[in-house]
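So the sequences go chain by chain: A and B.
Everything in the first sequence is counted per the numbering used here, starting at 96 for the first residue and increasing by one.
Everything in the second sequence is counted per the numbering used here, starting at 4 for the first residue and increasing by one.
There may be inaccurate statements among the hints.
Facing chain B, a subset of chain A residues (Cβ under 10 Å, in silico) [to be verified]:
#1 R295
#2 Y299
#3 E304
#4 V311
Non-contacting residues of chain B with respect to chain A, defined by C-beta distances greater than 10 Å in every case (computed) [what the hints assert, rightly or not]:
#5 H6
#6 T11
#7 S46
#8 N75
#9 R93
#10 I111
#11 G170
#12 K209
In short, the hints are calculated from the structure, not lab data.
Backbone N, C-alpha and C define an ideal beta-carbon position, used for all residues, glycine too.
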Amino acid sequence: MRANFIFSEVWIGLRRNLTMTIAVIVTVAVGMALLGVGMMINSQVSKLTGFWTDKVELSVYLCTKNAPFEPCKNKGTVTQEEKASLKQTIEALPDVERVQFENQAEAYKHFQETESNRTLLSVTKAEDMPESFRVKLKDPDKAEAVAASLKGQPGVSNVVNERDLLESVFGFMDKLRYMALGIAALMLFAAILLIGNTVRLSAYNRRRETGIMRLVGASNIYIQLPFVMEGLIAGLIGGVLSGVILIIVKVFIFESIQTYMAAPLGWDTVAGVITATMAIGVLICVLASFVTLRRYLRV
Amino acid sequence: MIHFDNVTKVYTNQNRPALDHVSVDVDKGEFVFLVGPSGSGKSTFLRLVLKEERPNSGSIHVAGKDLSKLSNFKVPHLRRRIGCVFQDFRLLPNKNVYENVAFALEVIGKPRRFIRKVVPEVIELVGLEGKAHRMPEELSGGEQQRVAMARAFVNRPMILLADEPTGNIDPATSIGIMKVLDRINRTGTTVLMATHDAAIVDSMRKRVVELEDGKIVRDQSRGVYGQAY
Numbered sequence: 096m097r098a099n100f101i102f103s104e105v106w107i108g109l110r111r112n113l114t115m116t117i118a119v120i121v122t123v124a125v126g127m128a129l130l131g132v133g134m135m136i137n138s139q140v141s142k143l144t145g146f147w148t149d150k151v152e153l154s155v156y157l158c159t160k161n162a163p164f165e166p167c168k169n170k171g172t173v174t175q176e177e178k179a180s181l182k183q184t185i186e187a188l189p190d191v192e193r194v195q196f197e198n199q200a201e202a203y204k205h206f207q208e209t210e211s212n213r214t215l216l217s218v219t220k221a222e223d224m225p226e227s228f229r230v231k232l233k234d235p236d237k238a239e240a241v242a243a244s245l246k247g248q249p250g251v252s253n254v255v256n257e258r259d260l261l262e263s264v265f266g267f268m269d270k271l272r273y274m275a276l277g278i279a280a281l282m283l284f285a286a287i288l289l290i291g292n293t294v295r296l297s298a299y300n301r302r303r304e305t306g307i308m309r310l311v312g313a314s315n316i317y318i319q320l321p322f323v324m325e326g327l328i329a330g331l332i333g334g335v336l337s338g339v340i341l342i343i344v345k346v347f348i349f350e351s352i353q354t355y356m357a358a359p360l361g362w363d364t365v366a367g368v369i370t371a372t373m374a375i376g377v378l379i380c381v382l383a384s385f386v387t388l389r390r391y392l393r394v
Numbered sequence: 004m005i006h007f008d009n010v011t012k013v014y015t016n017q018n019r020p021a022l023d024h025v026s027v028d029v030d031k032g033e034f035v036f037l038v039g040p041s042g043s044g045k046s047t048f049l050r051l052v053l054k055e056e057r058p059n060s061g062s063i064h065v066a067g068k069d070l071s072k073l074s075n076f077k078v079p080h081l082r083r084r085i086g087c088v089f090q091d092f093r094l095l096p097n098k099n100v101y102e103n104v105a106f107a108l109e110v111i112g113k114p115r116r117f118i119r120k121v122v123p124e125v126i127e128l129v130g131l132e133g134k135a136h137r138m139p140e141e142l143s144g145g146e147q148q149r150v151a152m153a154r155a156f157v158n159r160p161m162i163l164l165a166d167e168p169t170g171n172i173d174p175a176t177s178i179g180i181m182k183v184l185d186r187i188n189r190t191g192t193t194v195l196m197a198t199h200d201a202a203i204v205d206s207m208r209k210r211v212v213e214l215e216d217g218k219i220v221r222d223q224s225r226g227v228y229g230q231a232y
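So that you can see chain B by itself, here it is in the shape it has in the complex:
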């Protein structure tokens, strides 16, 4: 599903590569934690999957497509198959829960009848039934992140990228978030989650890929976060 082959990424004006000859394979339906300290290359990895950045060398395949051969014109179509969740939720403050989720479908031109059908389903999947007409500011952090997950998942992507989704949320609420991610993973969606949260990684017992200074230092199935942190 995601295939990195010897990928190196150096940002302009920086000597040290953000990713240094990284090769990794993520299969369909896998749940992978991407761990490592700040600046180790986790976010760069996710940005490369979205083709927000291009690698300096190496090749990347996502959902069967070679990203170097994907024209800019087709990038939006790639992104429709990838859902994204961030630490800062990125909800639209002037739209309610339903509208925030529906926005993702509206802007890719889905018919209204389809939107009316699937949005409530997804809102229920993330555990926000009955809160469809709340505004983001009326919700807790955990609930806002659930809205973001609903938006990321509403188009049934093949891959869900989560960049520190529990970074702004207290540990008790984080468990609920992880349950939703797990539920999404069980529908067959590949989940790739970058995180600092050792407790979560340890409790989930999923595959762990650890980055340090842009290199993969560990790739372990059913792993734990590690001891250094």
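For reference, chain A alone in the conformation it holds in the complex:
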């Protein structure tokens, strides 16, 4: 088998169907990039989940003077006795690992650190901040039950499972991921059809050559290889482009939201994702060429 013969055939084939080749490359690039983004979101979410699950706490907020919560109505600020008995109750619960009290000054400091809304910052005073117990659980999955048992206690305004807050963020990322994966699947489908069409065109363009090759006894692989190589090269170029897109996505999107994400996505993950998407892209292109070849090229 002569390599330069095959390569000149491949080159001729790609050039003859230049527009189709470009269409294949672009579709593969976009499809693979979306697949890669889906995978990157995926690993970002699992990283974040792992990071936050260790830190999740229940916040048991106590009544303040003008607290709008139903249990605090007409009762005023929580009393010292209520606080003491509440602390005992919480500590007595079997699932609780430790309890920490946060007073108004600490809460205000915390608030000032995390809140970015200036108007809200300027009108909020330390007295407005609720006191709270920060409850760390042995098993984060028991949070619902513990929250329910504490909700009715005197002096408690509200119990917030911080995990619920995170879940809404994760839910949003999940939606993004499914959208990216869904579009990627559509693009891959389009890429397969396009490759099929390209192979059909180039089989038609080269019917003289392949007919003669068949007649003089060229082996099937020799006849088919140039077509499969066309698919492979188009897939490879598309894969490289998708790699470039993924690097751009990492630098401009993931890097910029990392300020809010305590667990940043590393370059090793990105490299893994790029390798995986390129491999999938090339594999799909080669398979699609091979399958359509069987239909349009008699051997």
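Model the placement of chain B on the given structure of chain A, informed by the hints.
Below, chain B alone, put in the same frame as chain A:
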């Protein structure tokens, strides 16, 4: 060399068989004309020899191989032992004479040194010396057919199949083509030629197998074309 035993071929969607219980034997080194009107089964016969089609019943042996037992994987190897020439030449228009002939060897993976040696020899054998670098469009029909014959013969096949090789060529030029076929036959290659050309068949005085409606109606050594046409 070619052995048909009770071969029947019916194409799908057709009621009438293209070949109907055909039995024929062609020995090594023979020159056989396959004659008969259009649709009598000549081309089907040639396609069956190449295993481009499979018979519905009966068995075919070519070059000592039972074609029904030959796996698809091995069909290319069968075809390397069979050369083919057609009415429409089937040359590659973007390759010159030398490249067209060399193509047949390149695609079966022959080494370049071998190709450089044998291609000029074959070009000379078919009488095209000095025209190796012409493009097909610069050649006459007869010359193009000589290129096709050179390509068919360059791999020294055991069998040469010719499907109306003189169909597109004027009678005077046809004689030259027949001389080349005869020369190829003399090297020991079995030649099987399907044709309509009565003058050629009559002048060559070779074995004639006549087909009509898929049946062999005549098998005559040193025969003539017949009177009906």
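Verification of the hints:
1. R295: Constraint on R295 of chain A not satisfied, violated at 21 Å.
2. Y299: violated (16 Å)
3. E304: holds (6 Å)
4. V311: For V311 of chain A, the interface hint holds, since the closest Cβ of chain B sits about 4 Å away, which is under 10 Å.
5. H6: holds (20 Å)
6. T11: Consistent with the label, T11 of chain B stays out of reach of chain A, its closest Cβ about 23 Å off (over 10 Å).
7. S46: The assertion about S46 of chain B holds, with a minimum of 14 Å to chain A.
8. N75: violated (8 Å)
9. R93: Since the minimum Cβ distance to chain A is about 6 Å, R93 of chain B lies within 10 Å and the statement is violated.
10. I111: violated (6 Å)
11. G170: Consistent with the label, G170 of chain B stays out of reach of chain A, its closest Cβ about 18 Å off (over 10 Å).
12. K209: Answer for K209 of chain B: holds, closest chain A Cβ roughly 24 Å.
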